[in-house]
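Trainee: Residue numbers (the working numbering), protein chains in the order written: chain F, 1 to 526; chain C, 527 to 863.
In short, the hints are calculated from the structure, not lab data. Quick caveat, the model's predicted, so the values are computed rather than measured. No residue lacks a Cβ here, since even glycine has one placed at the ideal position from N, Cα and C. A few of these clues could be false.
Pairs of lysine-lysine residues, derived as DSSO-like cross-links and limited to a Cα-Cα distance of at most 27 Å, are as follows [as the list claims (entries may be wrong)]:
| # | chain 1 | residue 1 | chain 2 | residue 2 |
| --- | --- | --- | --- | --- |
| 1 | F | K357 | F | K399 |
| 2 | C | K746 | F | K357 |
| 3 | F | K399 | F | K334 |
| 4 | F | K450 | C | K746 |
Distance ranges between label pairs, derived from CB positions [claimed, not checked]:
| # | chain 1 | residue 1 | chain 2 | residue 2 | range |
| --- | --- | --- | --- | --- | --- |
| 5 | F | Q82 | C | I844 | 34 to 42 Å |
| 6 | F | R338 | C | T705 | 23 to 31 Å |
| 7 | C | L576 | F | D446 | 44 to 52 Å |
To be clear about the criterion: a stretch of chain C counts as covered by chain F if any three or more of its residues have a C-beta under 8 Å from a C-beta of chain F, and this derived list gives those stretches [claimed, not checked]:
| # | region |
| --- | --- |
| 8 | 596–602 |
| 9 | 628–641 |
In case you want the letters, here they are:
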Amino acid sequence: MAPPEAATPGAGPPVLQALGVGKRFPGVVALDDVSFGLRAAEVHALVGENGAGKSTLIKVLTGVHRPDAGELRLAGEPVRFQRPFEAQQAGISTIYQEVNLVPLMSVARNIFLGREPRNRLRLIDFPRMNREAAALLDGFGVRVDPRRPLHTLGLGTQQMVALARAVSVQARVVVMDEPTSSLEPREVETLFRVIEELRARDVAVVYVSHRMDELYRICDRVTVLRDGRHIHTGPLEGLERMRLVSMMLGRDMAEVRRDGVTGFAADGHDAARTPVLTADGLTRRHQLDGVSLALHAGEVLGLGGLLGSGRSETAKALAGGLALDSGEVTVAGKVLRRITPAAAIDAGISMLPEDRKAEGIVPGLSVRENIVLAALPRLSRAGIVSRARQDRVVEIFMKRLRIKASSPEQKVGELSGGNQQKVLLARWLCLEPRVLLLDEPTRGIDVGAKAEVQGLIDELAGEGLAVLLISSDIEELIEGADRIVVLRSGAPAGELAGDAVTEPALLEVLADSAPTPRPAEEAAPR
Amino acid sequence: MTQAPATAPGAAAPAPAPPAPAARSARPWYRDPAWYQAYGVYVAVGALLLFNALFTDRFLTTDNLTTQLVQVAPIVIVALGMALVIGTEGVDLSVGSAMALAAALLPLYLGYGLVPALVLALLAGAVTGLVNGVLVSVVGLQPIVATLALFVGGRGLALVLADGQLKQIINPDLLSLGTASLLGVPVVVLIAAGLALAVAFLVARTTFGRQIVAIGGNRKAAVLAGLPVKRVLTGVYVLCGTFAALAGILATARLTASDPSSLGTLMELSAITAVVVGGTPLSGGSVRVLGTVAGAVLMQLLRATLVKHDLPDSTAQIAQAAIIVAAVYVARERRSR
């Protein structure tokens with residue numbers, strides 16, 4: 001781990017510094033001895049995959065979390081923010097993914113919220129406020145009537161308003177968390193112009209994004225975090241994309257190995273010739289841009305890509321959980337007209353969602369009820385659930401997946417993560433699907449359960465199920481998948497098959513420097 | 527390196543570690559809020575009965591108990607529907623108005639016979655529920671706002687239908703609904719008891735019932751599991767409205783008059799109270815049918831006890847408030863863990 005001084009080499013004194021910051025949450029070490037330095041007039045990229053600790057670090061910097069260890073220094077002076085407000089007062093502004101403004105108030109009121117100019121009667125001086133707001137926005141090249149309610153503006157313009165607010169509070173540091181995730185290309189250009197403007201005013205910018213092209217375009221330096229630890233800080237110029245990606249993923253090119261440390265068998269599966277499921281040109285504004293893939297019975301198709309590349313969205317769209325703007329899904333030769341979750345299930349598609357807690361388990365219900373949840377209509381006659389059939393299904397799957405619970409009546413919320421995941425797998429397997437979409441099936445579960453789940457995936461594919469596997473764990477993806485389709489910015493970026501399914505090959509596609517301009521959708525700006 | 531991390535490098539898991547599975551069984555039942563949420567209401571009912579057996583004259587008589595049950599029956603019926611709605615993380619404020627609508631329709635159609643009048647009155651409740659259900663599930667309004675519309679509008683419509691007048695009911699068949707007994711048990715009580723059993727079966731054993739609880743427990747998961755969420759939600763509000771109309775009919779029969787201007791006022795609050803005191807969490811995901819019945823009975827007994835001891839009704843309200851706070855408190859502590 002780098003000593004604190006090494007985090008800020010070269011020119012310029014640090015405006016904001018985190019020294020050896022640690023933060024734990026129950027059961028997780030979110031940040032472990034992380035040092036981070038920010039200089040005036042620099043745009044500093046902060047990158048890392050899921051769980052790397054980016055958001056926690058940002059929250060420590062902006063006063064949302066207090067660090068358990070280490071300290072923050074603002075212009076060299078130690079500071080302890082008790083609340084986000086104190087960080088704001090100290091000149092640290094944050095612009096979140098979701099714009100956090102008041103939608104029904106006017107643009108000007110949003111910019112000056114809490115520090116409105118007053119007239120002699122101590123009432124808000126609206127003419128002055130509107131004038132100053134317009135001048136401020138003008139400076140960023142944004143022309144908008146400051147009296148308009150915020151919600152009538154496009155998301156991009158709203159973000160500009162958030163920026164204008166951040167700048168007008170005399171910010172010394174502006175933190176941007178995925179600012180471009182919902183912007184049109186034209187709006188991205190405006191944003192970049194504003195960032196240049198901020199740099200010219202000596203403001204330090206922390207820029208969090210997964211889009212490599214953006215990082216290389218506007219950032220001066222980059223800090224890589226992984227699993228809560230500091231991995232690298234240095235200038236972005238001259239840093240190979242491939243190296244950056246391998247640092248993010250924790251895969252050192254030199255020691256890439258293929259020795260079967262996962263629960264997958266080494267040999268591939270015999271996939272059928274005709275696909276069970278084909279997806280053609282799946283498109284959804286800002287998320288998916290013409291994703292096509294074919295899934296064969298008896299194969300595990302890996303879906304690769306960095307965070308935000310559209311992996312989960314693809315799986316969700318196939319399972320009817322995400323409405324599409326266009327695109328076609330065919331299952332066993334039949335085109336699915338309107339994909340709803342129920343229609344997808346009827347067609348034989350089952351999806352294990354990425355967020356087990358939010359979208360999977362019903363924590364207050366028993367193991368039994370969670371397993372049969374989707375199968376209830378099939379286990380019922382005239383609307384009355386057959387206890388016998390239900391118990392049989394539950395027994396079979398608890399045994400087959402080795403679900404450890406005190407009884408089928410135990411509440412799922414009380415089980416370990418691995419067992420919760422198995423309960424969800426049981427929910428989907430008891431529907432006897434043809435296609436199984438697995439979104440991060442082993443995330444956050446212990447090593448034993450992980451190997452069991454991986455073994456099960458193998459076994460299911462061997463039985464003729466078509467499996468789509470999404471995983472941020474490169475090793476799992478390489479060893480588990482027979483074939484990998486890689487996505488980037490919601491569009492297909494490449495495919496690996498057969499002997500080409502190797503880590504170097506995958507990293508190369510992931511890091512591909514070929515610019516993939518996001519399409520200008522025809523949809524009119526709101 | 528300023529300090530050594532306490533954990534091994536590999537322990538920095540990217541996602542929360544599994545929760546300790548033994549979290550609940552660790553504490554004895556008398557210190558477990560979940561126990562009080564589930565069984566507290568029965569203990570309270572038992573304690574009140576015991577208190578009255580010892581200290582109140584002529585309380586544990588058949589006559590008095592029958593009176594109490596007859597009085598609480600309409601609340602129980604409405605609360606059963608409310609419990610289903612609350613199980614989906616919703617609430618129905620329009621039940622009092624549905625009662626008034628049913629009451630207003632009865633005298634208008636009694637001329638065609640008792641059965642058509644009853645069917646129409648019940649249908650009015652179902653339609654009220656249908657409107658609520660569509661507003662909640664299809665339009666996507668918050669339940670409290672959606673049902674507020676008919677809370678106001680339903681009673682207005684009832685008053686228009688009835689010309690704003692209280693009407694005497696003379697149909698002997700209808701009146702007998704309120705007064706008749708079967709084997710010494712008033713029909714009203716039998717209906718409420720039968721309905722409670724039916725709802726208990728619905729919740730425990732039917733697809734519909736299990737889907738209600740799943741939707742309340744995790745709506746997103748229910749959607750992704752392909753549950754007919756909109757249909758189930760609409761159905762729940764239709765049931766609730768129909769139950770309210772039934773309560774309105776029975777109350778009208780006992781009153782021997784159709785009184786759309788005041789029948790069922792504040793009923794929504796009594797019903798919600800019964801549900802909450804009975805241990806059903808307002809956050810949805812669970813429906814306690816027997817608890818709801820006990821909750822309604824507890825509130826009734828509490829008031830009766832205080833009245834018998836010559837304390838004013840206002841004392842009863844304060845005592846009821848205390849019980850509600852206690853019920854919400856045990857539910858709150860459980861959720862925050």
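Trainee: Compare the structure with each hint and give your call.
Mentor: Do the hints match the structure? See the list:
The hinted pair formed by K357 of chain F and K399 of chain F meets the criterion: a straight-line CA distance of about 23 Å does not exceed 27 Å. With a C-alpha separation of about 10 Å, the suggested pair K746 of chain C and K357 of chain F falls inside the 27 Å cut-off, and the hint holds. At most 27 Å may separate the alpha-carbon atoms for a hinted pair to count; K399 of chain F and K334 of chain F exceed this at roughly 35 Å. Taking the CA atoms of K450 of chain F and K746 of chain C, the gap is near 25 Å; set against the 27 Å cutoff, the hint holds.
Distance hint check: the CB atoms of Q82 of chain F and I844 of chain C are about 40 Å apart, consistent with the given range 34 to 42 Å. Taken as a hint, the range 23 to 31 Å is violated for the pair R338 of chain F and T705 of chain C, whose Cβ atoms sit roughly 55 Å apart. A hinted range of 44 to 52 Å holds for the C-beta pair L576 of chain C and D446 of chain F, which are about 50 Å apart. With a threshold of 8 Å between beta carbons, the proposed coverage of the region 596–602 of chain C by chain F is violated, since 0 of its residues qualify and at least three are required.
Remark: the region 628–641 of chain C is not confirmed as covered by chain F, as 0 of its residues place a Cβ nearer than 8 Å to a Cβ of that chain, below the required three.
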